[in-house]
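Q: The whole structure should be built from the sequences, with the hints applied where relevant.
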Amino acid sequence: MKAYIFRSLIRTMIIMVVVMTIVFVALRLGPIDPAQYVLGEYATDETLRKLRETMELDHPIYVQYLHFVYRIIRGDFGTSFLNNLSVLSQLLDVLPYTLELLIGGILIGILVGVPPGIVAALKPNSIFDQMIRIFTLTWIAIPVFVTGIFLITIFSLKLNLLPAIGGGEHGELASHLLHLILPAFSCGFFMMASIARLIRASLLDVLTKDYIMTARSKGLRESVVILKHALRNSLLPLISFLGIYVNILLGSAVILEVIFTRPGIGRLIVESIKNGDFPMVQTIIMFYGGAVVIVNLLVDVAYCLVDPRIVYK
Amino acid sequence: MRRGLNFFILKKNIPLTVGILMLIMATGTAIFAPYVATHDPLKVKLSERLEPMSRNHFLGTDPWGRDILSRIIFGTRYSLVIGVVSIAISMLFGGILGVFGGYYSQSKLATMIVWITDITMSFPTLILGAMVAIIFGPGVFNTIIALAIAFFPRFIRLVRGTTLSMKEEVYILAARSVGMSDLRLLFIHLIPNIISPVVVMAVIWASDAISIEVALSFLGLGVSPPTPSWGTILQDNLSYFQMMPLAAIWPCLAVAWTVQSLNMVGDRFRDILDPKMR
Amino acid sequence: MCSEMGSKLLIVNNLRTYFHTEMGTAKAVDGVSLSVNSGDILGIVGESGCGKSVTALSILRLVPHPPGRIESGEILFDGEDLLKISKAEMRKIRGNKISMIFQEPMTSLNPVLRIGDQISEAIRLHRRLRKKEALQKAVEILQMVGIPSPQKRIYDYPHQMSGGMRQRVMIAIAISCRPKLMIADEPTTALDVTIQAQILDIMRRLKEETATSIILITHNMGVIAEMANNVIVMYAGKIMEQAPVNELFENPHHPYTESLLNSIPKLGQSEQKKLHAIPGIVPSLLDLPGGCKFNDRCNQAFSRCNEQEPPLFGATSGHTCRCWLYEEMNRMRT
Chain A
327 MKAYIFRSLI RTMIIMVVVM TIVFVALRLG PIDPAQYVLG EYATDETLRK LRETMELDHP
387 IYVQYLHFVY RIIRGDFGTS FLNNLSVLSQ LLDVLPYTLE LLIGGILIGI LVGVPPGIVA
447 ALKPNSIFDQ MIRIFTLTWI AIPVFVTGIF LITIFSLKLN LLPAIGGGEH GELASHLLHL
507 ILPAFSCGFF MMASIARLIR ASLLDVLTKD YIMTARSKGL RESVVILKHA LRNSLLPLIS
567 FLGIYVNILL GSAVILEVIF TRPGIGRLIV ESIKNGDFPM VQTIIMFYGG AVVIVNLLVD
627 VAYCLVDPRI VYK
Chain B
21 MRRGLNFFIL KKNIPLTVGI LMLIMATGTA IFAPYVATHD PLKVKLSERL EPMSRNHFLG
81 TDPWGRDILS RIIFGTRYSL VIGVVSIAIS MLFGGILGVF GGYYSQSKLA TMIVWITDIT
141 MSFPTLILGA MVAIIFGPGV FNTIIALAIA FFPRFIRLVR GTTLSMKEEV YILAARSVGM
201 SDLRLLFIHL IPNIISPVVV MAVIWASDAI SIEVALSFLG LGVSPPTPSW GTILQDNLSY
261 FQMMPLAAIW PCLAVAWTVQ SLNMVGDRFR DILDPKMR
Chain C
76 MCSEMGSKLL IVNNLRTYFH TEMGTAKAVD GVSLSVNSGD ILGIVGESGC GKSVTALSIL
136 RLVPHPPGRI ESGEILFDGE DLLKISKAEM RKIRGNKISM IFQEPMTSLN PVLRIGDQIS
196 EAIRLHRRLR KKEALQKAVE ILQMVGIPSP QKRIYDYPHQ MSGGMRQRVM IAIAISCRPK
256 LMIADEPTTA LDVTIQAQIL DIMRRLKEET ATSIILITHN MGVIAEMANN VIVMYAGKIM
316 EQAPVNELFE NPHHPYTESL LNSIPKLGQS EQKKLHAIPG IVPSLLDLPG GCKFNDRCNQ
376 AFSRCNEQEP PLFGATSGHT CRCWLYEEMN RMRT
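In order, the protein sequences belong to chains A, B and C. So the first sequence is numbered by the working numbering: it starts at 327 and just counts up by one. So the second sequence is numbered by the working numbering: it starts at 21 and just counts up by one. So the third sequence is numbered by the working numbering: it starts at 76 and just counts up by one.
Be a bit skeptical, because a hint or two may be false.
Unchecked claim - Once the Cα atoms are required to be at most 27 angstroms apart in a straight line, the calculated DSSO-like pairs of lysine-lysine come out as:
1) C/K162 to C/K83
2) A/K535 to C/K162
3) B/K128 to A/K449
4) C/K227 to C/K207
5) B/K32 to A/K535
What the hints assert, rightly or not - Quick partial rundown of chain A residues pointing at chain B, CB under 10 angstroms, derived from the structure:
6) I399
7) P441
8) A490
Said to hold, decoys possible - Computed footprint of chain A on chain B; a stretch qualifies when at least three of its residues, placed anywhere within it, have a C-beta under 8 angstroms from a C-beta of chain A:
9) 148-156
10) 258-267
11) 274-282
Read the hints as simulated data drawn from the structure, not as lab findings. Positions of the beta carbon are idealized from the N, C-alpha and C atoms, including for glycine.
A: Printed below as a string of structure tokens:
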């Protein structure tokens, strides 16, 4: 097990390096000129050239790359082309907000999605089940930002109950939570639908298994059969889906952060991309690459702990 | 399964029917856009900015005085075409690579394909699309390419997986034992059996593609204004949300409609396919 | 029936279990009556789809009830009609007085729970023992079914065991509360031949040690010959023939039984005979032929067989048969 974790971490680092290299080269080969973005339309050629020098964009790519790698090894991720502040510190500043969003969305999805999924599976083809199926079918397709805009309209604009802008005061928990509600529910609706569906299908499948019949033949009460025997097995797929969900949510977070004007990695990368902030883009992409692999690793470990059949060599 | 029209009224097929109808309406709107729209979607009229719904402008006007309904109608063209074409391209090229990666799974090229796919799959599709979009620049054509590339890994993985499992099927082994050449085998036996699950996922992913295109255009990375993609419409109208929230909601409804219809159709196809695959 | 065999433990009268599906009603069990005496091993034999498993499930009231339903009949166990008692009372009987072993040992155990836990579950439920004591009992039972180092084994998971061992665990679960009746539904079908013999041995030994009666369901005539005292032959939801085991093998009445016996390839068959197979296939329960259910595959059928379904003849003797031929022979005797 430990060997597997170790190898995965190595893999993560290799992936991060590869991705970073590709992004590094691609950015510099592309049509974007960061100097132009920083100085604006009316900059003279001379000032543009000087700025490019400081950005090292006039050097050949491999030279730039070597400098870059050298700095990374020493822990220096560079400074933003836009505001000259450390890229890493800006990233870490906004990271908590995105994490809040992710965790919030997943939690809402699980807490609100699992119970209906279970009930729907226990009473297939009942009115409740049909309602759940219609509900999940609809909400799974609605893009997260559409849900977001709807929620803003109802709860922020019309009812004036919840804030739609910002992430909350630094350090104040209540403020954070208040600003988190609408965005988290925007992801939450989608997650809810997806998870309910998953649990329903999984539980229905488990209930057809032979060992459920064995459990019933022992004379156990139906509630025990469901809770002790069926549920444990039906929740397993949820764990493996968690990695996919994080992937999807990271994508949704981008748009949600723009709509809700929330600080976060998503908004940061969009702005850096649009403004040609190469160091920021590189670092964030690297972060994405590493983050998802690590999440998948955590999912694998969790799965391993829960399902006794899985053994990693 | 009852044939004929009865099929569409079956209780479990209602979402399919509804989805197909919605899709037909959307496609019809796209095709007949110039005849259905009431105004020129690009015509700016600053004297009529942000007007509420009226008989002249059914859905009101946007911050530039353009008729929202007409913009959305023309937007159908862009969003649908971009979504569908990009998925088709992705399916074609991703499929070819996937078949190769699955059939010749021992080769070094296949291993590399798998490796690259795994790495790219770890990024959210939106981010992938954004990265490619930024390298190519904005515009309709570039957005199609960006989306095609972003969905590439999904198709490669799907097709490769299906190919791997089909490869061991008895009829494949039988054909090989008769001396059939690989190429012939791939085209006559393997690919026809892979097509159904791939097409089903393509429909479902097309809904994702449209969603992502709207997101990209909204963020300024996809189609550029003034081209009326639903994303650019949303971008224009969202800035004036407080004054006229409906202006932002209409494009959202259009997106939801289209995405919903594709999802309903693809979803039901998947259910129909599943028992057979078992 | 020989009355010195002991009291009747289980009497099933005219059981009907139907499955109501979109495509029609499948009469899985259609008027089955049987009895099991204390100390008996009753064998129920027949091809797939004849209703033997559903009969077993009906006795325990485990028939999946959205499509399935016990329509009518009596199931008298120890004098009580199981079809009339409440669900709670039925649960007290399951795993306790009547238990069941299923066909597929590979999938009949919960993969995420330990063996010891699964064995002691019934004991904790029906005997109110605490976890530790129940686990101790589980060790004892594992010993009885011949599993080595049972103290270690109780902490294993099912996937760590072979098919044969898992089936022994299933047997352990079934006998954990010393049931009066054990129903074994194709217990050896999914196992290798050598393991089969071991499992049957265990079952026979346990029956002697714990005085459990057994209903043994199988499609294998060899297993029947080895284990059963009395045999029921089922086809399309009905009993075709019933007799003590020796009588059945020496003197089969029903053409179906004869065909089943003939289908077994025999050692030392000197001539190059083709393997005897019963022509045709088992009918779908949704599309049964009229008259005698076997008539379209029977090589001794005549006109009456197609028109009218024969009743079960010979109820007074020890040997019954659902065939018009037998009625004629009966009449010829008298």
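Q: Hint by hint, say whether it matches the structure.
A: Outcome of the hint check:
1. Proximity of C/K162 to C/K83 is assessed by CA-CA distance (about 24 angstroms); at most 27 angstroms being required, the pair is judged to hold.
2. This hinted pair checks out: A/K535 and C/K162 have alpha carbons roughly 22 angstroms apart, not beyond 27 angstroms.
3. At roughly 50 angstroms between alpha-carbon atoms, B/K128 and A/K449 are farther apart than 27 angstroms, so this suggested pair is violated.
4. A distance of roughly 14 angstroms separates the Cα atoms of C/K227 and C/K207; the hinted pair therefore holds under the 27 angstroms criterion.
5. Proximity of B/K32 to A/K535 is assessed by CA-CA distance (about 25 angstroms); at most 27 angstroms being required, the pair is judged to hold.
6. Interface hint status for A/I399: violated, as the beta-carbon distance to the closest one in chain B is roughly 22 angstroms, over 10 angstroms.
7. Against a cut-off of 10 angstroms between C-beta atoms, the interface hint on A/P441 is violated, since the closest Cβ of chain B lies about 23 angstroms away.
8. Proximity of A/A490 to chain B holds as hinted, the smallest CB-CB distance being about 9 angstroms (cut-off 10 angstroms).
9. A count of 5 residues in the stretch 148-156 of chain B with a Cβ less than 8 angstroms from any Cβ of chain A is obtained; the coverage claim is therefore met, three being the minimum.
10. Counting residues of the stretch 258-267 of chain B whose CB lies closer than 8 angstroms to any CB of chain A gives 4, which reaches the minimum of 3, so the coverage claim holds.
11. With a threshold of 8 angstroms between beta carbons, the proposed coverage of the stretch 274-282 of chain B by chain A holds, since 5 of its residues qualify and at least three are required.
Violated hints, in rising order: 3, 6, 7; the structure is consistent with all others.
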